[in-house]
Amino acid sequence: MRTVTAPKPSARPRWMPVPRARRRSVLLSALFLAPAVVSFLLFKYYPLFQAVYMSFFDYKVIHPPGRFVGLDNYAYLFHSTEFWNALWNTFAFFLIYFVLTFWVPIVQAILLNEVKFANKSIRVLYLVPTAVPAVAGFLLWKWLYNPDYGLLNYLLEFVHLGPYGWLNDPAMAKWAIVLPAFFGTGMSVLIYYSAIQGVPIENVEAAKIDGAGPWRRMRSIILPSMKFVIGIQFIAFISGVFLTFDPMYIMTGGGPANSTRTLSMLVFDSSFKEFRFGVAGAISFVMFVIIALITYLQIRLSRTD
Amino acid sequence: MTANNGSIGKRTLAALAAASLLVVAAACSGGGSSDASPGAGGGSASSAQPSASSGGSSADAGTVEITVWDQPTPEDPTKSLKEQLFADFDKANPNIKVTHEAMPQGTNDREVFVTAMAGGNGPDAYHAAHFPIIGDWVGQGLALDLTPYWDSYADNAQYIESSMAAGRIDGKVYGVPNDMYVTGLFWNKKLFKDAGLDPNKPPSNWDELVSMGKQLTDPGKKQYGLTLLGMEWADWWFEYYVWQAGGDLTELQPDGTVKLTFTSEPAVTALQFYKDLKWKHKIVQNNVLQSYQDNMNDIYQGRAAMSNGASGGFGDFAANGLDLNDIGFAPYPVGPSGKGPGQIGGAYWILNPKSSKAKQDAAWKYVTYMVSKEAKERMLQFQSDNGIFPNLLSVRKDVDPSKFTQNVPQDLVDGVNRAASDTHLEYYLKERLTPYVVKAVQKALTDQNADPAALLKTAQDAAQKEVVDAYNASVHK
Chain S
1 MRTVTAPKPS ARPRWMPVPR ARRRSVLLSA LFLAPAVVSF LLFKYYPLFQ AVYMSFFDYK
61 VIHPPGRFVG LDNYAYLFHS TEFWNALWNT FAFFLIYFVL TFWVPIVQAI LLNEVKFANK
121 SIRVLYLVPT AVPAVAGFLL WKWLYNPDYG LLNYLLEFVH LGPYGWLNDP AMAKWAIVLP
181 AFFGTGMSVL IYYSAIQGVP IENVEAAKID GAGPWRRMRS IILPSMKFVI GIQFIAFISG
241 VFLTFDPMYI MTGGGPANST RTLSMLVFDS SFKEFRFGVA GAISFVMFVI IALITYLQIR
301 LSRTD
Chain R
306 MTANNGSIGK RTLAALAAAS LLVVAAACSG GGSSDASPGA GGGSASSAQP SASSGGSSAD
366 AGTVEITVWD QPTPEDPTKS LKEQLFADFD KANPNIKVTH EAMPQGTNDR EVFVTAMAGG
426 NGPDAYHAAH FPIIGDWVGQ GLALDLTPYW DSYADNAQYI ESSMAAGRID GKVYGVPNDM
486 YVTGLFWNKK LFKDAGLDPN KPPSNWDELV SMGKQLTDPG KKQYGLTLLG MEWADWWFEY
546 YVWQAGGDLT ELQPDGTVKL TFTSEPAVTA LQFYKDLKWK HKIVQNNVLQ SYQDNMNDIY
606 QGRAAMSNGA SGGFGDFAAN GLDLNDIGFA PYPVGPSGKG PGQIGGAYWI LNPKSSKAKQ
666 DAAWKYVTYM VSKEAKERML QFQSDNGIFP NLLSVRKDVD PSKFTQNVPQ DLVDGVNRAA
726 SDTHLEYYLK ERLTPYVVKA VQKALTDQNA DPAALLKTAQ DAAQKEVVDA YNASVHK
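Residue numbers (our numbering), protein chains in the order written: chain S, 1 to 305; chain R, 306 to 782.
Keep in mind the hints are simulated off the structure, nothing from the lab.
Possibly wrong hints are sitting among the right ones.
What the hints assert, rightly or not - Estimated spans, in silico, between C-beta atoms of each pair:
(1) Asn777(R) <-> Val289(S): 30 to 36 Å
(2) Ile294(S) <-> Leu629(R): 41 to 47 Å
(3) Trp84(S) <-> Asp727(R): 40 to 46 Å
(4) Leu48(S) <-> Ser516(R): 45 to 51 Å
(5) Asp475(R) <-> Leu31(S): 27 to 33 Å
(6) Gln753(R) <-> Leu42(S): 51 to 57 Å
Stated by the list, open to error - A partial selection of chain R residues facing chain S, derived with a Cβ cut-off under 8 Å:
(7) Gln389
(8) Asp414
(9) Arg415
(10) Gln445
(11) Leu447
(12) Glu736
(13) Arg737
(14) Lys748
Cβ coordinates follow ideal geometry from the N, Cα and C atoms, glycine included.
Could you put together the complete structure from these sequences and hints?
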């Protein structure tokens, strides 16, 4: 029997006209997309290329671009103690943030998923603190850390400890700056929680029937299902930590003895205190390369996995 | 997706991409073309010509419009007088329309100003070019060379010499002094009395500073003798101690280059003393890295007995609850050099080099009006009439603030005058060298075992290699 196969839509010859309605739909989509694309190019890519461009000059803001210096600004970075110190601090902050904070919202989301009583209210409570301006939060913590009048030392006094100079000790200052983030996990918890909600209940029930305990279910079903969200969150985490500026700027100003001065602070100081905009551009580009490399590695690793 | 749809999609995307690139290119070329325009590159009054892009745009051909960031805030107690001054200028100069704007919000005034200038939105005249920063701003082309205006300015001999020191660079004038202050030792007379000390006798040397500081320190009451500034501005107050020890942190050479003197004996002596105040004598606050505002709060709340004070800051003390009769002000205690100079600080009016010549002329007229004897005396009279504490130091020789200080204790006026008799500018290249000096100071204040000489040697080596070598090379070019 002869069979007739219907031609695939994609097999239509190129000369055939596209239906008018479809063409309109594509144009309309493009039209709606255009502002976002243009904004993205203007506010993301243009500054990036501009920073790279600036990095090749002894850049003058009033009479740009100033004297062409080639790779001098990059060469300067490699023998600058300030740059290496800031790079080291940035990586140290990255590790501390990772150890102290990254896993916290994942655990909280898993636990929240098990809480059935007042679950909605708890979620709302997680969300409310995100309305508090970050700057206010850092100022509050700075006050808590005050060696003379801060609440932390006051409480420690009851157990005959302290007073500690939380932000005065170069060895302790980084940890003290990161600690508030341990408690500020609200939005991430909800993102992970929604990912857990997406895990098919049948899989969990089947695992239960097969005798898998809570730990096994979490390891074999819940966490693998959250892998994609964790990956995305990790990428945001990397760039967030590398670009973080406010907590150090507000709580220590980069001190003591430059122990909390990060690359993003160095960009700010190089630009607006020292007027070395070319150097600031070079640091920005180095930061971009580092973040891009780590992100690329993370994506590669998660694919291999 | 069909092949055809795909091709149309690609074409559409290509068109979109092209349009986006055109927008980006337009944005890029916008920045570049402004530099190429005839009126944009003016670095001096004579070279800044009016142009269509930056010219004195006005509805009326005879009127020049200028923008100045000097709009008083609603809570400014001198708001009504300032508005009256603005109105009087407008009346006397009908061809100049001044738009008074509040400074845009930002992290700090310096960053906001530089950003606005870079974006082509800076004011035509700006009154807060601080003494230590004006040199860098001139280097960046942010301030117009005012020499042609200055040379023909009738009042140019009326400014005290120390007020011109930072604004005159390579023989050219870039700033008109707007205000200035001198720093000295502040002390709380009440706390002195409570500690059994003579409230009218401040420490006159380092030894007395330490002995009195110990008497004034009472950990039980969370009261301490002397504030230190150890945060990211730590070099600011530390340099006073270097001066008292007989040195400075940098030396400006006759050829314009800079020599670092971090490792000089006075600098090392000063850092050792600074460290001892914290670790040996224990007369300073526990939180040596606390902010400047926290230091001020300690003064206002009677926790700190002695601190740095400035001639322009007594109003803040009074506004924060201190009785002016309980405040003392005198030159700093002298160090091993036998000297204790006060720091001269303040701010200049500068003009925008990118403005048209017509706007610069109008802005100059406005600036000279705002710093005129008449305007300054009207402000002092207004402050006196309304119980507002004036700045006791004037940039003008023909304006005497002490004539307007009938409500101010005479010993404060005398203290300011004595502090102003021996003054010092902040160290050269401060803005760039701050991170290096601050690191050494903070290390000394946070590490009991730190060696001041070694800290300063490390700081000097790094600063020489990373800042000064490049700076000196640029001076020679």
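Against the structure, the hints come out as follows:
1. Asn777(R) <-> Val289(S): 30 to 36 Å: The hinted range 30 to 36 Å holds for Asn777(R) and Val289(S), with Cβ atoms some 31 Å apart.
2. Ile294(S) <-> Leu629(R): 41 to 47 Å: The hinted range 41 to 47 Å is violated for Ile294(S) and Leu629(R), with Cβ atoms some 59 Å apart.
3. Trp84(S) <-> Asp727(R): 40 to 46 Å: 42 Å, holds
4. Leu48(S) <-> Ser516(R): 45 to 51 Å: Since the Cβ atoms of Leu48(S) and Ser516(R) sit about 59 Å apart, the hinted range of 45 to 51 Å is violated.
5. Asp475(R) <-> Leu31(S): 27 to 33 Å: 57 Å, violated
6. Gln753(R) <-> Leu42(S): 51 to 57 Å: Since the Cβ atoms of Gln753(R) and Leu42(S) sit about 53 Å apart, the hinted range of 51 to 57 Å holds.
7. Gln389: 34 Å, violated
8. Asp414: Violated, because the Cβ-Cβ distance from Asp414(R) to chain S comes to roughly 11 Å (cut-off 8 Å).
9. Arg415: 7 Å, holds
10. Gln445: 5 Å, holds
11. Leu447: 6 Å, holds
12. Glu736: Holds, about 5 Å.
13. Arg737: Since the shortest Cβ distance to chain S is 5 Å, the answer is holds.
14. Lys748: Status holds, d = 4 Å.
Of the numbered hints listed earlier, those contradicted by the structure are 2, 4, 5, 7, 8.
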